[in-house]
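**Q** Generate coordinates for the entire structure from the input sequences, incorporating the hints supplied.
Sequence lines, in order, name chains A and B.
Residues 1 to 439 (the numbering used here) are what the first sequence spells out, left to right.
Residues 1 to 336 (the numbering used here) are what the second sequence spells out, left to right.
Rather than coming from a laboratory, the hints here were simulated on the basis of the structure.
These numbers come from a predicted model, not from an experiment.
Beta carbons: idealized from backbone N, C-alpha and C, even for Gly.
Errors might be hidden in some of the hints.
No more than 20 Å apart at the CA atoms, straight line, and that leaves these computed lysine-lysine pairs for PhoX-like [as the list claims (entries may be wrong)]:
(1) B:K109 x A:K431
(2) A:K204 x A:K172
(3) B:K191 x A:K431
(4) A:K294 x A:K372
(5) A:K172 x A:K185
(6) A:K246 x A:K193
Estimated spans, in silico, between C-beta atoms of each pair [stated by the list, open to error]:
(7) B:N184 x A:D196: 25 to 33 Å
(8) A:Q418 x B:I132: 39 to 47 Å
(9) A:E70 x B:N184: 19 to 27 Å
(10) A:V82 x B:F63: 38 to 46 Å
(11) A:Q418 x B:A157: 51 to 59 Å
(12) A:K130 x B:G72: 53 to 61 Å
(13) B:A176 x A:Q418: 20 to 28 Å
(14) A:K236 x B:M172: 45 to 53 Å
(15) B:N184 x A:K134: 25 to 33 Å
(16) A:E70 x B:T141: 52 to 60 Å
(17) B:L177 x A:K204: 43 to 51 Å
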Amino acid sequence: MRARTRTARKAVVLAAVASLGAGLLAGCADDGKDDGGSSSEGGGGGKTKITLGLFGTAGFEESGLYKEYEKLHPDIDIQQTVVERNENYYPALINHLTTNSGLQDIQMVEVGNIAEIVETQSDKLLDLSKYGKKSDYLEWKWQQATAKDGQTIGVGTDIGPMAICYRTDLFKAAGLPTDREEVGKLWAGSWDKFVDVGKQYQDKAPKGTTFLDSPGGLIQAILSGEKDRFYDASGKVIYKTNPAVKDAFDLTAQAAEDGLIGNQTQFQPAWDTTIANSKFAAMSCPPWMLGYIKGKSKPESAGKWDIAQAPKSGNWGGSFLTVPKSGKNTEEAAKLAAWLTAPEQQAKLFGVQGSFPSTPAAYESTEVTSAKNDMTGDAPIGTIFAQAAENIPVQTIGPKDQIIQQGLTDNGVILVTQGKSAKEAWDNAVKTIDNNLDQ
Amino acid sequence: MTTGHETAAAPPAKEGGAAPARPPAGPSDDERRRARLSRRWQRDVRWSPYAFVSPFFLLFLAFGLFPLIYTGWASLHAVELTAPTDMSWVGLRNYTRIFDDDFFWNAAKNTLTIGIISTVPQLLMAMGLAHILNYKLRASTFYRVAMLAPYATSIAAASLVFVLLFGRDYGMINWALNFVGIDNIDWQNDKWASQIAVSTIVIWRWTGYNALIYLAAMQAIPQDLYESAALDGANRWQQFFHVTLPSLRPTILFTVVVSTIGASQLFGEPLLFDANKGASGGAQHQFQTLGLYLYEQGWVNQHLGRASAIAWTMFLILIVIGIVNYVISRRLRASS
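**A** Pasting the structure below:
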C-alpha cells in the first residue's frame, strides 16, 4: 500500500517537474526565435537560397512578392527573418557587419540609420548602382544611400510622406469642418496654425478626448519637414543651437501644457488602446501609419477616419535594402533587392501594405491612384500622399539622428505631459542626448 | 596477471639454484616493461584528472577570462561598436569620467534601492513560506514544485505580463486600486512607483526559489532540538526565533550573498518594463540600473570603450560587496 502511494506520488512529482521543464524549454525556444537568424537550412532542394533580414512590417512576403519572384526564377528560394523593432534589429546588424558574420544575404536598413551605415560600413556592402536604376528613385532617396566615393550601398524601399489623419466624427462633435480640403486649409503652411486648430478643438471636445495622441508624434511631424535638423551639411551636430529644433520642441511642449495632447508614448500598448478607444482626434500620419491604425482599431471605427495634407510636408520613415559582401550569393541577392524595390513591385506593396513607393514612376500606377483604406473610407490616399511626397524637402541626415530624435521625444517632450516644465524637459533631453552622443 | 604469476614463481627458482638467473636480459626486460607500465600509470593518475576538468577551464579561458581581459583592454581605449578594431589609447579617461557621470551614479543609486526593496521582502517572504511548508501539509510536494514555477518561467514573458498589469491607464493593478479609492498611479514614470514595480517582478520570480533553499535547511535541523525546546515550554514563535533562525544562519548568509549579486546585475526586468525606452530606464532614467546603463552605452550608443569601463567598475564594486559579505559572515560565525 505504502509503496504504491509512494510510486504514485513519485509519478505525480515527475509529471509536474516534466511539465515545468517542458515549459522552460518552450520558453527558451520562444526567446530564441526573437533574435532572428534562425531560418532553417534546406527545404530548397538544390535551389539558390536568398535570405532577407528585415524589421517591422516590410510586407514583401505578405504581398506575395517572394512567390512571384520564385515563379519568375525557379532556381531561387527566398527566406526571411523579421525582427519586430528596429531598436533590437539595428544593434545586431551593426554587430554582424563589424564582425562580417551572421549576416543575411539582404539586410534592411532604416532611414534613421542609413547615414551611419553609409559612413562606417560601406566597405562591407555591395555597390548596388549597377543593379538598381537610379532614375527610378527619388533623387534624395538615392542620395541618402550613396557614399562620398560614389558607391550606392542601398536601394530605397518605401518613404513616409506625411499627412494628418483625423477623426471626422470627433471633428464634427467639436464644431470643426470635416471635409479634407477644408481641414487642410485650416492649418496650411504652419504648425502654429495646426496647434491653434487644436485649441479650437479642445474648447468643445467630446469628454475624455484630446486633439493629438502623443507629444512624440507632433515633434516628429514638425521636424520631419525641416531641411536641417540635427546635423549641418558639414556633419556637425547642431541640434542644440538649431532654432528649428528648439521651436519644434517648444511648440510641442506648449501644446502639451495646454492639454491638447494625450500623455502617451507612441507604439506602446497603452497608446494602442487609445487608438482602439478613439481617445484622440488627429495624428501625424505617414502611409504606413494607416496600416497601424487599421491593426489597432475596433471594427466600428472603419470609415470614420479621413486624411488631410499636413501643414508642411515631411518624411517620416522609409527603409533601404543592402547586400553585404560576405554573402554567398551576392549577385543573386542584389538582383532580388533591385527587383523588390522596382516601381512595379513598390506599387504592389503600397496596394497591399501601405508602404509608399520611393519610385515616382509608381505614383501613376493604378495601384497607387486607386488605393483605398478601410479606415479612411473613400479618401484617395494614393494621390494625397503623392502630393505630400512632391513637397518633401531634401533633408540633411546624420549618423546619430535616431538617438537625438528619441532623446527629444522619450526623454524630452513626454515629460511635459507628466507635469514637468518645458525647460526641465529640454534640459533632461539635452543631457541625455549629449551623454549618448559622447559630446 | 602475468607479473603476479612470475613473482610467485620466482622464489623457488632462486632457492634451488637450478635455473640460473639471467641477470642482463630477463629481469631487465621485465623490469623495463614494468617500469614503463608504472610510469604510464603514474602519469595517468597524475594528469588524467586535469584532462577531465580541462573542458571547464578551457571554456572559461575562452568565454570567461579572455573577454574579461579584453574588456579591460578596451576600457583603456576610445572605441566604437561601428569599428571595434579601431582603437585609440585614452588611458584611464573612461574611468575618470565615471566619477562625474551623473547617469552612472543615478544608475548605481537605482540599483541599490531596487536591490534593497526587492531583496529584503523577498527573503523575509521566502522564510515565512518555508516555515509554513515545513509543517505537515497535504500535497506538500505540489506546493514545493509550484513555488519553483515563477523561477522557471521566461523572464521576458513574465515581465511583459507585469507591464500590462502595471499599466497606468488600462492596467489591472490601478483598476483594483481604484476600488479602494486610490487614483491611477503612473507606475512607469513615477520614480518610486516604477522601482517598486520592477522589484515586484524580481520578488515574484525569486521568492519561491529562496523558500526552497530555506526549506531544505530547515529540514536538516534535528527534531530533538524542537522537542527539548517544547519541553522547556517554548511556543511556536519562540521555537522559530531560538531554534530555527540560529540554525539557518549560514543558509541565510548564502541567500543574501546570491541575492545581492543578482540584484547588482539586474537587467532583464527593467529593460522590458518600459519596452519603448528600452535601455534608458524610463524618461528620466528613474529605473535605469547599472546593467541597463552598461547596455545602453555599449549597444545602443555604441561606445564600447565606455561600456567596458563601466563593466570593470561594476566588477570592482561586486568584489567590494563580496569582501563586505565575507567580513560580516566571519563576524557572525565568531559570535555564534
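**Q** Take the hints in turn and mark each one as holding or not.
**A** Outcome of the hint check:
1. B:K109 x A:K431: holds, 18 Å
2. A:K204 x A:K172: Satisfied, since the Cα-Cα distance of roughly 10 Å is no more than 20 Å.
3. B:K191 x A:K431: holds, 18 Å
4. A:K294 x A:K372: Roughly 12 Å separates the two Cα atoms, so the pair holds.
5. A:K172 x A:K185: holds, 16 Å
6. A:K246 x A:K193: Holds, at about 18 Å.
7. B:N184 x A:D196: 25 to 33 Å: Cβ of B:N184 to Cβ of A:D196: about 30 Å, so the range 25 to 33 Å holds.
8. A:Q418 x B:I132: 39 to 47 Å: Holds, at about 42 Å.
9. A:E70 x B:N184: 19 to 27 Å: violated, 52 Å
10. A:V82 x B:F63: 38 to 46 Å: violated, 30 Å
11. A:Q418 x B:A157: 51 to 59 Å: violated, 29 Å
12. A:K130 x B:G72: 53 to 61 Å: violated, 45 Å
13. B:A176 x A:Q418: 20 to 28 Å: holds, 23 Å
14. A:K236 x B:M172: 45 to 53 Å: Since the Cβ atoms of A:K236 and B:M172 sit about 49 Å apart, the hinted range of 45 to 53 Å holds.
15. B:N184 x A:K134: 25 to 33 Å: Roughly 54 Å apart at Cβ, these two residues miss the hinted range, so it is violated.
16. A:E70 x B:T141: 52 to 60 Å: holds, 55 Å
17. B:L177 x A:K204: 43 to 51 Å: violated, 33 Å
Violated hints, listed in ascending order, are 9, 10, 11, 12, 15, 17; each of the other numbered hints is respected by the structure.
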